[in-house]
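Chemist: Going down the list, the sequences are from chains B and U. This note's numbering applies: residue 1 is where the first sequence begins, and numbers increase by one. This note's numbering applies: residue 246 is where the second sequence begins, and numbers increase by one.
It should be emphasised that the hints constitute simulated quantities derived from the structure, not laboratory data. No experiment lies behind these values; they were computed from the predicted model shown. Possibly wrong hints are sitting among the right ones.
Here are the simulated DSBU-like pairs of lysine-lysine, each with C-alpha atoms no more than 30 Å apart in a straight line [to be verified]:
1. 390/U x 155/B
2. 236/B x 390/U
3. 155/B x 339/U
4. 155/B x 330/U
5. 61/B x 333/U
6. 155/B x 333/U
7. 236/B x 371/U
8. 155/B x 371/U
Covered stretches of chain U (in silico footprint by chain B; criterion: 3 or more residues with CB under 8 Å from a CB of chain B, positions within the stretch not fixed) [what the hints assert, rightly or not]:
9. 347 to 357
10. 410 to 420
Glycine included, every Cβ here is placed at the ideal spot set by N, Cα and C.
The residues making up each chain are set out below.
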Amino acid sequence: MIAPFFERLNKTAGLNFSPFYDAYDWGRLLEGMWISVELIACIIAVSLVIGVVGAGAQTSKSRVIRFLIAAYIEIFRNTPPIVQLLFFYFGLGAITPQVDMGGWYEPIIGSFGWAVIAIGIFGGSYNVEIFRSGIEAVPSTTTEAAESLGFSNFKIFVYITLPLAFRFCLPALTNNIISLAKTASLAYVIAVPEITYTLSSIWSDNVNVPEMMILLFAYYIILVAMIAKGMHLLEKRLALPGYGQ
Amino acid sequence: MSRSAAPQTDWTPDQPIIALKDVRKSFGHLEVLKGIDLHVMKGEVICIIGPSGSGKSTLIRTINGLTPVTAGSVKVEGQEVHDDKLDKLALRRKIGIVFQQYNLFPHRTVLQNVMMAPVLVLHENKREVEERARSLLAKVQLSGKEDAYPAQLSGGQQQRVAIARSLCMRPDVMLFDEVTAALDPEMVKEVLVTIKELAAEGMTCVLVTHEMGFAREVCDRVYFTDAGLIVESGPPKQVFGDPQDARTKEFLSKVL
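All chains, please: the whole structure from these sequences, using the hints.
Modeler: Printed below as a string of C-alpha cells:
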C-alpha cells in the first residue's frame, strides 16, 4: 500500500521518494540508517569513556598527566571536527599498517574506524570538561565522609564522586551527545556509508535531491528527538528523591 | 570477619586509647593549634568546648588523620596517626566520625548508606552487614526509613543515619564534630539521646560541642580550648562549677 502510493506520487506530482517503492533504494536506506546509528553509538561510547577517564586523570597528582589532558582539550576543542577527521583519515590513515586480505591490502583501520576515533576524540574533549564540572559540584564534605569510612581514593571516585557527578552534569552531557549525533554526519566526507552518504548516492542516481534532503532532515529530527527523550528519561530515573527541593 | 592484626605497638588497653602530644597545626601563617596535649582512656566520654575559632574542629579532625598536623604526635591505640607508612584503612575502621552537616551519600538509600563501607571497604558478608545495619537503624529509631533517600529525611534523622553509618564499621572510638550545631532545637534532643545511649554502652566518645548541658551531664572530662590551646580540663563538675582560668569563666558566663 505504501509502495503504490509513493509510485503514484512520483508519477502524478513528480515527487520521487524512491526508497519507499524501489526495493534496491529501500535496502540502501535501511543500511545507511543502521550504519549511522552504529556510528553514533560508537562515537558516543568512545567520547564517554574519554570523558570519564580524562576527568579522573585531571584530578591526578601528576603534573605531567594534568598537562597532557589540558593539551588534549586545547587541541581538540579548538579545531574544527572536519579538520580533525581529515587529519586522522588522510594523515594518520596513510601511515597505519595495511593488512593482507589474501591478494589485496586493506588499511587496518577503515573509514568507519577513523570516523569513530576522530569524532569520538573530538566529543571526548568536551566530555572531559563536562564531567569535570560535575566532579567539582560534588561537595568535598561528602567525599570526606567516605574517606573517613576507609574508602580508598579509587573507591571514592567510583562509588561516590562519579555517580553524583554524572547526575550533576547530565543536562550538559545531553547537549553534547545530541551535538555529537549530528557531527557524526561529517563521516560522509571520508565515505563512511552512513545516512548522509547513502542518501547522496541515491539522489545522484535518481536526481531527486529535494526529496532525499527532506528525508535526511526527517531522519535526524526523529533520531535526535529519540536521543533527547532517552536522556530525559535517564535524568528522571536517576533523580535523587527529595534532593534539591 | 576477624580484625586484621594491627602493626606491633606496645600499647595496652590500660593506656590512653587516644593520646595527643604537643600537636600544632598551621594553615599558612595562621597557627590554629598551638601545642595541644590531650588523652582519652577507653570507655571515656570527652567533651571539647570553647569559643568559635578556637581550633576545636581542627583538633578533632587530626585524630582520624583528616587534617594533617604540622608538628607533634597523635597516637590512636599506640599508633602514630600522622605517619606516612600508616595503614589509613586500619586507622579509619577503628575511628568513626560524625560531622556537623551529616554528609550522607545522597544517591544511596538510608540502608545503603549504612551498609556501603563494611561491604565495599571491609568486604564483609552482605547479609550479615544488612542485618547489623537494620538493627543499628532500629537503635537510632529509624526503622521504616531504610529505603528513604537522605534528602527525604529531617536533619535530625539524617544525623542519626550518619551515626548508624559510622557504627556499622564497629569502631573503637567515635568522634562527633558539632553534630547538633546545624539542627533545629527540637531535633537536637533526639541526636543527643542517641549519643548518650552510646556513651552508656561504654563507647569511647570525643565530642566537640556547644551543648553545655549535655557536656555537663554525660561527659567524664571536659577540655576547654581557646586560641589553639587547652586552657583548662577536668571533670565537668569542676570545669563548669569551679572554673580556674579567667577565659573559661568568661566563656561559661556567656553561654550558661
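Chemist: Next step is simple, just say for each hint if it's right about the structure.
Modeler: Right, here's what the structure says about each hint:
1. 390/U x 155/B: holds (26 Å)
2. 236/B x 390/U: Since the Cα atoms of residue 236/B and residue 390/U sit roughly 22 Å apart, the hinted pair holds (cutoff 30 Å).
3. 155/B x 339/U: With a Cα-Cα distance of about 19 Å, the restraint between residue 155/B and residue 339/U holds, given a limit of 30 Å.
4. 155/B x 330/U: holds (20 Å)
5. 61/B x 333/U: holds (19 Å)
6. 155/B x 333/U: Given pair residue 155/B, residue 333/U holds - Cα atoms ~14 Å apart, limit 30 Å.
7. 236/B x 371/U: With a Cα-Cα distance of about 29 Å, the restraint between residue 236/B and residue 371/U holds, given a limit of 30 Å.
8. 155/B x 371/U: holds (17 Å)
9. 347 to 357: Our answer is that it holds, as 5 residues pass the Cβ test (under 8 Å) against chain B, meeting three.
10. 410 to 420: holds (count 3)
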